[in-house]
Amino acid sequence: MKLYDGGKIITGLVIFVGLMLSPFILGMAKPGEKPDPKTDTPEIQEMEEKDRKCVEPKEFMRTSHMVFIDSWRDQALRDGDRVYENSEGKEIDISLQNTCMKCHSNKKKFCDECHNYMAVKPYCWDCHIVPEEKEGGV
Amino acid sequence: MDRRQFLKMAGLTSLISLGGFTTVELIRPGLLDASEPPAAAPGVKRLAMVIDVSKFRSEAAYKKSIEACHKIHNVPDFRNPKDEIKWLWTEKYENTFPGTEHPFVKDSVKEKPFLLMCNHCQYPPCVRVCPTKATYKREFDGLVAMDYHRCIGCRFCMAACPYGARSFNWRDPREVLKDERLDREFPTRTKGVVEKCNFCVERLAKDLIPACVEAQEGTGAMFFGDIDDPGSEVREVLRTNYTLRRKPGLGTQPNAYYIIGGV
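From first to last, the protein sequence lines stand for chains H and R. This note's numbering applies: residue 1 is where the first sequence begins, and numbers increase by one. This note's numbering applies: residue 1 is where the second sequence begins, and numbers increase by one.
Each hint should be verified, as a subset may be incorrect.
Footprint (simulated), chain H over chain R, 3 or more residues, beta carbon under 8 Å [claimed, not checked]:
| hint | region |
| --- | --- |
| 1 | 130-141 |
| 2 | 146-155 |
| 3 | 159-167 |
| 4 | 188-196 |
None of these hints come from the bench; they were simulated from the model. Where is the CB? At the ideal position from N, CA and C, for every residue including glycine.
Isolated chain H (complex conformation):
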């Protein structure tokens, strides 16, 4: 069997496959680009060592904050109960702007750090107000 214009076809195929794969190759994280969300805002640093933690354990927050915020939203709005009791029995005001973002006042270096990496773009900030980024606070 003879492949007419074999050279051209093979070259074309290589270019084609290369193009198809390029987003994956280019998108592959290079070492050192791993997201590094910063939890050293002035608000957090002012806290006492023992209180310097999230509303729930860090591991849980990392993997489940998306569902967790939704449950906050439903508790506050649908059940009309704006106080959350966390797993340590501590009572916390439910508010994205006035609780989460009061500690995580560095949205760019925190929330966005992961979200950009994962290419998720929560639409919350169309309405919820992002804290004013403080200069040199990182």
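Once you have looked at the hints, place chain R on chain H.
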């Protein structure tokens, strides 16, 4: 059947029916009692607003409440009636109580602005028509609340509301909510959702009274409280003043009351 026979029969029948009642009462006590209105569950409230229009003595008095409300809730002012967003606003008598006006209404009443807001109706038509339950009735305090996260902007609620209490965001409110106009504690809304007065639900959660009422403190112009509680201030005010509600014939049972006596 003569008269005497009739009375005998009647007596007998009523005896039997009385017996029937006794029998039923013995088997299922209480079954035949007239049903009482269900007692409100403990802790359940019905929040209402009473507005004494005569106590608003100037345009500035209204402004005080409207600005307090619009400021803390990030209600934008586009300075253009077409795009207007209103939680709290004023309207003339004829638009406030349509159907009650006549050519000889007292001049001072005819000219008086009435402070309007969402009536947080007992039977809210907006809730009935909302396809996503973005607008819902809070059974425990009677508020007609909104969950903006679910609003798809269909505007059925606007068509359903007989009080014009809802506004649609034709434009992005952040165009005009900049710097000191923006309250950073409360979310804005966005283009494409409907909004309205929330009776300051976020303040009530902190045991504060609605901002419009607070702005009138000391004037006796606005009262807010639980209308199901006979000992509440609002009930006392309603007991001692003649009040009107907007469009009562529609059966929505609004929870905003107007005293117009002294106007």
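Comparing the hints with the structure gives:
Remark: the region 130-141 of chain R is confirmed as covered by chain H, as 4 of its residues place a Cβ nearer than 8 Å to a Cβ of that chain, reaching the required three. Only residues whose C-beta sits within less than 8 Å of a C-beta in chain H count toward coverage, and the region 146-155 of chain R has 3 of them, enough to reach three; the restraint holds. Taking a C-beta to C-beta cut-off of 8 Å, the region 159-167 of chain R contributes 0 residues in contact with chain H, too few for the three needed, and the coverage statement is violated. Three residues within the 8 Å Cβ limit are the bar, and the region 188-196 of chain R against chain H gives 3, so the coverage statement holds.
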